[in-house]
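Chains as they are written, first to last, in UniProt numbering: chain A, 1 to 309; chain B, 1 to 589; chain C, 1 to 317.
Simulated from the structure, these hints should not be mistaken for lab results.
Given the structure is predicted, the values throughout are model-derived calculations rather than measurements.
Among these hints, one or two may not hold up.
Derived pair list, reagent style EDC-like, types lysine to aspartate or glutamate, alpha-carbon separation capped at 16 Å [to be verified]:
hint: 1; chain 1: B; residue 1: K362; chain 2: B; residue 2: E502
hint: 2; chain 1: B; residue 1: K385; chain 2: B; residue 2: D400
hint: 3; chain 1: B; residue 1: K445; chain 2: B; residue 2: D400
hint: 4; chain 1: A; residue 1: K124; chain 2: A; residue 2: E200
hint: 5; chain 1: B; residue 1: K554; chain 2: B; residue 2: E411
hint: 6; chain 1: B; residue 1: K385; chain 2: B; residue 2: E371
hint: 7; chain 1: C; residue 1: K312; chain 2: C; residue 2: D39
hint: 8; chain 1: B; residue 1: K385; chain 2: C; residue 2: D206
hint: 9; chain 1: B; residue 1: K494; chain 2: B; residue 2: D536
hint: 10; chain 1: B; residue 1: K554; chain 2: B; residue 2: E570
hint: 11; chain 1: C; residue 1: K312; chain 2: A; residue 2: E89
hint: 12; chain 1: B; residue 1: K26; chain 2: B; residue 2: D93
hint: 13; chain 1: B; residue 1: K249; chain 2: B; residue 2: E260
hint: 14; chain 1: C; residue 1: K32; chain 2: B; residue 2: E199
hint: 15; chain 1: A; residue 1: K124; chain 2: A; residue 2: E54
hint: 16; chain 1: B; residue 1: K168; chain 2: A; residue 2: D302
hint: 17; chain 1: B; residue 1: K355; chain 2: B; residue 2: E336
hint: 18; chain 1: B; residue 1: K96; chain 2: B; residue 2: E24
hint: 19; chain 1: B; residue 1: K249; chain 2: C; residue 2: E18
hint: 20; chain 1: B; residue 1: K574; chain 2: B; residue 2: E371
hint: 21; chain 1: B; residue 1: K249; chain 2: C; residue 2: D39
hint: 22; chain 1: C; residue 1: K312; chain 2: A; residue 2: D302
hint: 23; chain 1: B; residue 1: K40; chain 2: C; residue 2: E18
hint: 24; chain 1: B; residue 1: K145; chain 2: B; residue 2: E164
hint: 25; chain 1: B; residue 1: K26; chain 2: B; residue 2: D90
hint: 26; chain 1: B; residue 1: K249; chain 2: C; residue 2: E17
hint: 27; chain 1: B; residue 1: K343; chain 2: B; residue 2: E387
Only some residues are given here: those of chain B computed to face chain A with a beta carbon under 10 Å [unchecked claim]:
hint: 28; residue: I73
hint: 29; residue: H81
hint: 30; residue: P114
hint: 31; residue: A141
hint: 32; residue: T142
hint: 33; residue: G143
hint: 34; residue: H172
hint: 35; residue: Q193
hint: 36; residue: L518
hint: 37; residue: L522
hint: 38; residue: L526
Each residue gets a CB set at the ideal place from its N, CA and C atoms; glycine is no exception.
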Amino acid sequence: MAGYIVRRVLQAIPVLLGTTFLIYFMVFAMPGDPVVALFGDKTPPPQVLEAVREQYHLDQPFIVQYLLFLGGIFRGDFGTSFSGQPVSEILATTFPVTLRLALMAIFIEMVFGITIGLISGLRKGGIFDASFLVVSLILISLPVFVVAFVAQYVFAIQLGWFRTTAGPGAPIQDLILPAIVLATISFAQIVRLTRASVIETDTQDFVRTAASKGLSRRRIVPVHILRNSLIPVVTYLAVDFGTLMVGATVTEGIFNVPGVGRTLYQAIIRNEAATVVSFVTVMVLIYLFVNLLVDLLYAVLDPRIRYAK
Amino acid sequence: MTEIVNGTDVQQTIVSSDERPLLEIKDLEVGFNTQDGLVKALNGVNITLYRGQSLAIVGESGSGKSTTAHAIINLLPGTGHITGGQILLDGQDLAKTSEKEMEAIRGRKIGFVPQDPMSNLNPVWSIGFQVEEAIKANGIATGRKEVKARAIEVLKQAGLGDAERRLKQFPHQFSGGMRQRVLIGMGLAADPQLLIADEPTSALDVTVQRVILDHLESLTRELGTTLLFITHDLGLAAERAEQLVVMYKGRVVESGPSVEILQNPQHPYTQRLVAAAPSLASRRIQSSGGIAAAEASISEDASHAAGETIDLIATAEARAEAIEAAASAPPAIIVEDLTKVFKIRGSGEFTAVDKVSFQIPKGTTMALVGESGSGKSTVAKMLLKLEEATSGKMVVGGRDLATVTGKELFELRSRMQPVFQDPYGSLNPLRNIGNTIAEPLHTHKVGTKASRRARTYELLDQVSLPRTLVGRYPNELSGGQRQRVAIARALALKPEIVVLDEAVSALDVLVQAQILRLLADLQGELGLTYLFITHDLAVVRVIADHVCVMQRGKIVEAATTDEVFDNPKEQYTKDLLAAIPGANIELGA
Amino acid sequence: MPSNTRPTQAHYVAPLEETPLVAIDSVTTEGKPSNLWRDAWRDVRKRPMFWISSALILLIVIVALFPDLFTQVPPNNDCQLSNSNGAPTTGHPLGFTRQGCDIYSRIIHGTSTSLAVGLIVTFLVAVLGIIFGALAGFYGGWVDGLLSRLGDIFFSIPYILAAVVIMSVFSQYANVWVISLAIGIFAWPATARVLRAEVFRVRNADFVMAATALGVSRFRILVRHVLPNSIAPVIVITTISLASAIVAEATLSFLGVGLPPSTMSWGNDISQAQVTLSTAPQVLILPSIALSVTVLSFIMLGEVARDALDPKARAQR
């Protein structure tokens, strides 16, 4: 296990260097004065311009610039927003909100997705299975902003069950609808993945052997079928986290949830490229971190990995 | 024997239950729902098994032997279900038993040992968890301590030393043989009256097979368990069971006492099986003191075997006659001190092949025998230049393989061709048979389009396949037919040497016998030199002139086939020979 | 002793008529020749979902190529603020946007944008994914190490976020080609990973060894034997990536970092309609339906392809 953790962490290092380099490269490969270009047609306050120049160390050679930029990231310096507030300060207030929203969404999609996927898989070809196959295809085809607007219109504007946009402080009840919207993005994928995994596991030899030992179906389903089917679902969670972050950006923007996503959303809408780059960098770092976490969780679920040397 | 308790009624029932078979299968029918409607897998199977007996069901793949086993414990895969007949366990009809009652019967009254130890243990749970689960489900013990104590007992009984530490380990930390021991232990954990063992050792190395089967036999005898054993190997079945049931196409074609069936097979299908089983042929040759003697002794039996029975001994004799002169021929292949070292990340080096030397005279067959991991296939790959040798010398047709490159190597490849083991992987599924067989001609730019087509037809004739196959695809063919196509492809360039890497190992006995016959015929006809790589010493007896036994990368014994069989020098060779089933069967010559 | 009293079974031989012996391993060549592709086509033809999605896609392609066949109303000109959020009238079957433009015409004219981005991205992803995946899987060793790490890096930036950065920075250059490049350049690693795994599996097959033993060149083995046998999953994932690319473009346009307002795009229209969601939801919903149906068509086609080409998926139906 320790060897596995060390190896995974070591593997993450070149990826971390590569991704930050790519982001840096995308911004500074552009022609002209990158700082001016970052602000497009807008003129930021001079102290912001100065701060951005300092963050990206433009007086240095390219590779030194990058290394200094990277050093800043490790010190928690993600630059300064358009309004002159350090990005790290904004993160301190917005990150907890986004974390709460993301955890709610993951909880909803996992609970409903796995339950429905399990039932579909166990009753393959039945009416329940067939109808959820159709529902999942449709849900996969709906872009998140469409789902968000429809939900907002139906449940907030027409039915009045929820507030249209989140109130100050983003209390839990205002996060329910955005969380459900966010959950629908991956819900269908989790249903399908769980279903496929359950069907495959159900035909495995060890399931028949478990039954031959005299175990009841009620024990076999959770202990041998569901437990083994969870491994690919958990792996999917890592890939899915990228979609979740994009979804959070759109959802928080539409429901005005004061999280990291809305900050990025507003920066994008207002065309504040410097802030966009800062926040995307933060998100990529979170993504890498979550991937690492999921890999470790994977080792917990699968002893073949845990005990591999 | 029977104790008289309180009157005659009781006595009668006891007497009758003593005479009553433990398991009686009557006219059992099993069907699978498919797109084309109900497909019958069993068509009225009758089996009777008495308490304390051992019975083996023998048949080829698709004969319905495993389906019978799964029907008894009501765990048929997919859409399978019982469509008729009875399965009486001690008088109770299992075909009409509810799922709830079946749960109580499984494990407690009927134990089950599955086929493949690699896939029958759940990889995410520890061995202890899975053994304890079986114990708890059958109410053998309650309370954590008692369950654990019983689990340790079960594993010790199954022959796993150090059981306490083993409980915490996971299946992937066990070898195949050890996993099979765990599965046997679990099957017997609740001391069932009947144990069904479905090809329990087919996936294991031959020497391990023998040890496990011995253990299973002594355990069931000790516990007084009735044993129903399923196997494709007639020799194994006869050696391990008192009663035999031969199945063919979902029916029982012959059943009765093992020795009787083996000595005097009545049904033509059984006769075919007896004639084609390598283990029996090998034993027979051994006991008769030579191929010719064996052939003479059974020619009478074989004569009344109907139709296209393939007799392995006849094959062996025909081959021996054709090859006789070749023994003193110059070598087609010389291998000297061949070594292959693999670098393994983290754990240094692994010597897969260690200073291997041998020669194969032109026109003869040399068998390279060994268990998995012995390095035998690596030798073949190096010889075929599919793998670079670390050191050593290989001379093929007078050319040193180390020095040939480019065009010379390309030319040399046409003189030495392989046939591999997996009939499902040996042909490109997207190319038709005609193109597959013609590919060598195409690659080496032999002839015109028309002459290549003619050669393709000729090759199909040679391997006894219809010419209509040229436009068909591999997935339409059986395993044996695919191997024939692979042989035709290997022969396309008229090579002198064919490397057969476990070429018949994955085939059913009758098909295997057919392919062995084909190989023998082609060798006589075309003067081919074979390097025959196999784990099955019994087949070697029939097909090879020389044998090299490999163990852990080294050749431990090399001699003529007769010498190796008559007078093995190394303990390992003796173990391999002893592992050929049928040692203690009277074959009635 | 039990063995003495134990009853035994008699030697039973089934009558020959019951199970007549058939020739060992006989060849049947009835029916049409079959391999993976032929079987897949035979399977696909029977499925309604295939015909529904194909018909929809055909319609979408025709609309994209010949919008004038479906509407005479120009999508941008003729907009009158007096028609703002107006109800349907004759000649304007779906009503008007906030700027008073004809919704139906804008949907028809937006089709080509979505389809073009989808096709360009898919082409890019397929080319990059196949080259990198095939080379990494087939040659292994350091080639694999290098390409796989490179894929890991690109894979670690969610491609929409990457496109957001690129489009924010290059906002003044935004057009269909640039946005397709921005999406495609970060979307290929998934395809490469799938193909790499397949190639890895196939290259160890015995028929590849047999071809090597024949002296067939490495490149020819890759092209003739390995790639055709590993391409099926790529076809499935490519069909689905077409749908994802359309969603990505709409999302970027919705966020305002996609196509300029002068280019017809469903994402732009949805974005502009959000302010009047409570009063005129149809202005937002109608282009959303067009977008979702287009995406659904390709998702369904991908689903059919997966069921036909992946034996595992077929067994699970």
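**Prompt:** When the hints from earlier in the document are held up against this structure, which numbers fail?
**Reply:** Violated hints (numbers, rising): 1, 3, 5, 6, 9, 11, 13, 14, 15, 21, 22, 29, 31, 32, 33, 35, 36, 37 and 38; every other hint is consistent with the structure.
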